[in-house]
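Asker: First to last, the sequence lines map onto chains A and R. Throughout the first sequence, residue numbering follows the working numbering, covering 5 to 531 in sequence. Throughout the second sequence, residue numbering follows the working numbering, covering 5 to 531 in sequence.
Fair warning: there could be bad hints in the mix.
It does not matter which identical chain is meant; a pair holds if it fits inside one copy or across any two.
Computed list of lysine-lysine pairs in BS3-like fashion (alpha-carbon distance at most 25 Å, straight line) [said to hold, decoys possible]:
| # | residue 1 | residue 2 |
| --- | --- | --- |
| 1 | Lys380 | Lys57 |
| 2 | Lys243 | Lys227 |
| 3 | Lys454 | Lys512 |
| 4 | Lys243 | Lys255 |
| 5 | Lys248 | Lys227 |
| 6 | Lys227 | Lys255 |
| 7 | Lys57 | Lys446 |
| 8 | Lys81 | Lys69 |
| 9 | Lys362 | Lys350 |
| 10 | Lys101 | Lys81 |
| 11 | Lys310 | Lys446 |
| 12 | Lys434 | Lys310 |
| 13 | Lys57 | Lys69 |
| 14 | Lys361 | Lys315 |
| 15 | Lys69 | Lys122 |
| 16 | Lys454 | Lys410 |
| 17 | Lys227 | Lys446 |
| 18 | Lys434 | Lys512 |
| 19 | Lys380 | Lys446 |
| 20 | Lys410 | Lys57 |
To be clear, the hints were calculated from the coordinates, so they are not data collected in a lab.
There are 2 protein chains.
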Amino acid sequence: MVYQKVLIAGKWRDPKNPSGHFNAVNPANRQTLPEVYPVSGEDEVYEAISAGKQAAVDMRRIPRKKFAQFLESFADKIEAHTDELVDIANLETALPKEPRLRNGELPRTTDQLRKAAKAAREMSWCRATIESDVNIRSMMGPLDGPVSVFGPNNFPFAFNSIAGGDFAAAIAAGNPVIAKANTGHPGTTLVFSRLAFEAVIETRLPSATVQLIYRTPPELGLKLVSHPYVGASAFTGSKSAGLKLKAAADKAGKTIYLEMSSINPVFILPGAIEERSDEIATELFGSCTLGTGQFCTNPGLIILQKCDLSKKFIKTLAETFDNNKPGILLSSKGLSSIEQAVETLKSAGAELIAGGKKVEDEGYMFANTLLHVNGKTFISNPHDLQTEAFGTASLFVVADDIQQMKEVASVVEGNLTGCIYSHTQGRDDKDYTILEPELRTKVGRLLNDKVPTGVAVVSSMNHGGPYPATGHPGFTAVGLPTSLVRFAALYCYDNVRPNRLPIELQDKNPTGSMWRMIDGEWTQKDV
Amino acid sequence: MVYQKVLIAGKWRDPKNPSGHFNAVNPANRQTLPEVYPVSGEDEVYEAISAGKQAAVDMRRIPRKKFAQFLESFADKIEAHTDELVDIANLETALPKEPRLRNGELPRTTDQLRKAAKAAREMSWCRATIESDVNIRSMMGPLDGPVSVFGPNNFPFAFNSIAGGDFAAAIAAGNPVIAKANTGHPGTTLVFSRLAFEAVIETRLPSATVQLIYRTPPELGLKLVSHPYVGASAFTGSKSAGLKLKAAADKAGKTIYLEMSSINPVFILPGAIEERSDEIATELFGSCTLGTGQFCTNPGLIILQKCDLSKKFIKTLAETFDNNKPGILLSSKGLSSIEQAVETLKSAGAELIAGGKKVEDEGYMFANTLLHVNGKTFISNPHDLQTEAFGTASLFVVADDIQQMKEVASVVEGNLTGCIYSHTQGRDDKDYTILEPELRTKVGRLLNDKVPTGVAVVSSMNHGGPYPATGHPGFTAVGLPTSLVRFAALYCYDNVRPNRLPIELQDKNPTGSMWRMIDGEWTQKDV
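Start from the sequences and build out the full structure, keeping to the hints where you can.
Answerer: Take a look at the structure:
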């Protein structure tokens, strides 16, 4: 059998003792694509880990600007291969070439790589802290082993294991990456890997700075994230897979950052419905159907208060859902998973008001789906009624009043985002103050009058949140340079001689403009 | 039976359905002290958790300066009760009243509380980050439940569950605390709790801001750290207890910060031995015997190269160890634990060169102990030879050369600290560059020419390190305000209306001097 090559220890090569193989499938027509990808076995994974470990050691000696050069060179190459990337990602994911892949996700991906490069160049991300009188200095610095990245299926570019946000952050912080391709788009990941490795060669980084495997048996994935030589891991995907990796990593004392399920509750207060229900319905429809609903920030739960206007609002949205053809889902597994989730919601007491079943089509398709349930039922069975239906499927919760809305918020699990729509002239302000304290600690990002999809890559972004949305509420997966600190450890230097300090902590500001906390003040000056 | 009272939900009261009781023991004479302390059962612990949860909700609405006032008031009360605290801590721990308790640990404790107060007042700790063009703002803010603190036996003041560093950081970050007293000094903890609760009343914080239990059955401790209402936990103590708590918290998706074992390797390069061996021996002896060796940063592993001068150095130190009477250990458990650890080291190939056995004395006493082993043996059995012997017991590793020293460093487990002594005029510089990269990532704090004991409470301190020294390499348990972020989550506000933002994120700088990152620049200005 002719396998696609893996990238291990600086070599593109045939897989060594693979433990199986797989093909990608075109979700638009369910056709199996011709390329055969290996499922890597132990020999391969352990070799990648060893090579990554050595690369981590070597990278500590390399000037930070080289990481920046690499990231920028990689971004340039991605742009130069836009057509190839857009074509293969479209084939493997059925995501529209335009505007989604070419005009949305690809520029976002190169923007992330360049922002990560800027962070590596500027160095301020590492929070250098100096107390000059006692000569104790500390900073966040790279880990002592490679970062293993498990990318999700829904963003073949922006969250790709070897080109996306986690990759960019891990490299910018000074770590090598072992990328585990998402099995939904191995070909896309292969193209990125080729370009990334070209950039590694050009910028003369250690050859194992980037490595690629496509898939492993599940047990071997657990061994990867818990291996003593691995610095940390990052996973974006389903809760069930994420929790298994978390358990393995936790047991070994290894850090793992997970972005798992989120249903992103949207609370709409009565004044907002009265003031601008059509506008909100249009916004919500757009947000719910974006990427066929397969966004981590998809609004899966919409809570409003019982009244005639709400009833009309729900009816309008249900009609819009019914009247629009659904998009294509990413995989057959995605199709059966949303089908099952909708059944769970129904069994838990939710009633269907739009869609609810598979659509017979060449591609994997599930009707745009809306369900509703009253507040009391939701509160009595919150776990099942928060089942994530990954796709265009949302559950309306109709509460009796603001107190019940608050109770709903109190049983909401940890989420990436939570939104509150309210009257622009203040008519909902009292309700807001009742609701907000309950919702605030349940979500990483709280929005006003705005849908949760669309995650700006800025320093103040939080694409994280309380468990089970993620594994730790203090970190974000999106937002540069903030996301870099996940892939770093705190290193303190106590009475270390000046010439032995890393440049970030020497008396002289290494760039002339790096921000450092010196004797309690953030400054760009020298010590 | 008359129990000492617990502090639950704002009331000093008799224990409810206790599941047992215990007494403290005076380690200086092995006498059981008269007071009887309850082992709390489920009812009590769950009631504390519920009350703590409500306090966490209430504390979100309280101006930050109130937390500062509380911490300062508490510090004042501690000073006013110095004699009482010193007497009871001495009785329960046998730590010397002077200088240790009165002149060292007590001022350090009040200093920590006041520095935490300063952090709460200044607000800069929360890393407020604002991107004004997109109106996305984020900060670290309090958790959604109480922090449970498990303090260690070796610092009855500075790491006390209800007065030490974790307590101060949790409160300053805006969280209530459920203190689980260390069972070695319940009376000391009770005095602190009384003073803390008086300060709570005076500054009108929610009455469950501080709560106290003394002990729980082990299973209930696991339930506490994994309870859905608990915000996070902090534990300082043995690896075996810490890992059990970690497993329970991890499984529930709860954050726990652990400070567990550390043997703090000290590498002494040949030039340093040649230059100033007596001076180093004196320093090391002081550091090894501080607090009868029961310091987290006690130098338990000393590595040097084989030569006549090293041999003499070891001999001198062994004589000093032998010629000095050991201090008193904290407990009978501590005594059997060091005895067992020394046996483990011997079985693994280490040879005794000083001490090595119990001393018949009124108090718990173990002879000042030194062992040695050659580099090759250490490298072949690194796990057993890194058994922590908590007390005055250190292991010399005699390496053949710098390469073998480096190999020793490569098998060292995660530690809080690592030291390298070298020639002051540069004669060891080449060896340093070989050794340092290997040691750097194994330890939280790297020192030059300085013993590891003595942990300055400054912003650049790292009293943390890679697993198994702690559970996460990115956080420190000492060093204000840095230690506060452990008890906080990242909260983002996206398009949230100005009057609904927390004061830290409003356009106007809330103090006029708070440091915030606005549009990529750290500044004290308004937006």
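Asker: None of the hints should be skipped; say for each whether it holds.
Answerer: The hints, checked one at a time:
In the homo-oligomer, the alpha carbons of Lys380 and Lys57 lie at most 25 Å apart only across protomers (23 Å), although the nearest pairing inside one protomer, at 54 Å, exceeds that limit. Proximity of Lys243 and Lys227 under a CA criterion of 25 Å is satisfied in both settings, with 18 Å inside one chain copy and 23 Å between copies. In this assembly of identical chains, Lys454 and Lys512 lie within 25 Å of each other by CA distance solely across copies; the values are 24 Å between and 45 Å within a copy. Proximity of Lys243 to Lys255 under the C-alpha cut-off of 25 Å is found in both arrangements, the shortest distances being 18 Å within a copy and 13 Å between copies.
Proximity of Lys248 and Lys227 under a CA criterion of 25 Å is satisfied in both settings, with 11 Å inside one chain copy and 21 Å between copies. For a Cα distance limit of 25 Å, the shortest separation of Lys227 from Lys255 qualifies both inside one copy, at 11 Å, and across copies, at 18 Å. Within a single copy, Lys57 and Lys446 get their C-alpha atoms only as close as 37 Å, which misses the 25 Å cut-off; across copies the closest is 14 Å, which meets it. Proximity of Lys81 and Lys69 under a CA criterion of 25 Å is satisfied intra-copy only: 18 Å inside one chain copy versus 52 Å between copies.
Taking identical chains as interchangeable, the C-alpha atoms of Lys362 and Lys350 lie at most 25 Å apart only when both belong to the same chain, with a minimum of 15 Å there against 69 Å between chains. Taking the closest pair of Cα atoms, Lys101 and Lys81 come within 25 Å of each other only inside a single copy of the chain (19 Å); across copies the shortest separation is 68 Å, beyond that limit. In this homomeric assembly, Lys310 and Lys446 come within 25 Å of each other (Cα to Cα) only inside a single copy, at 24 Å, whereas the closest approach across copies is 59 Å. For the homomeric pair Lys434 and Lys310, the shortest alpha-carbon distance inside one copy (18 Å) is at most 25 Å, but the shortest distance between copies (76 Å) is not.
Proximity of Lys57 to Lys69 under the C-alpha cut-off of 25 Å is restricted to the intra-copy arrangement: shortest distance 21 Å within a copy versus 47 Å between copies. In the homo-oligomer, the alpha carbons of Lys361 and Lys315 lie at most 25 Å apart inside one protomer (23 Å), although the nearest pairing across protomers, at 80 Å, exceeds that limit. For a Cα distance limit of 25 Å, the shortest separation of Lys69 from Lys122 inside one copy, 9 Å, qualifies, whereas the shortest one across copies, 37 Å, does not. Taking identical chains as interchangeable, the C-alpha atoms of Lys454 and Lys410 lie at most 25 Å apart only when both belong to the same chain, with a minimum of 20 Å there against 56 Å between chains.
In the homo-oligomer, the alpha carbons of Lys227 and Lys446 lie at most 25 Å apart only across protomers (21 Å), although the nearest pairing inside one protomer, at 32 Å, exceeds that limit. In the homo-oligomer, the alpha carbons of Lys434 and Lys512 lie at most 25 Å apart only across protomers (24 Å), although the nearest pairing inside one protomer, at 53 Å, exceeds that limit. In this assembly of identical chains, Lys380 and Lys446 lie within 25 Å of each other by CA distance solely inside one copy; the values are 20 Å within and 53 Å between copies. Taking the shortest Cα distances, Lys410 and Lys57 sit within 25 Å of each other only across copies (16 Å), while inside one copy they are farther apart (49 Å).
Going through the hint list in order, the structure satisfies each hint without exception.
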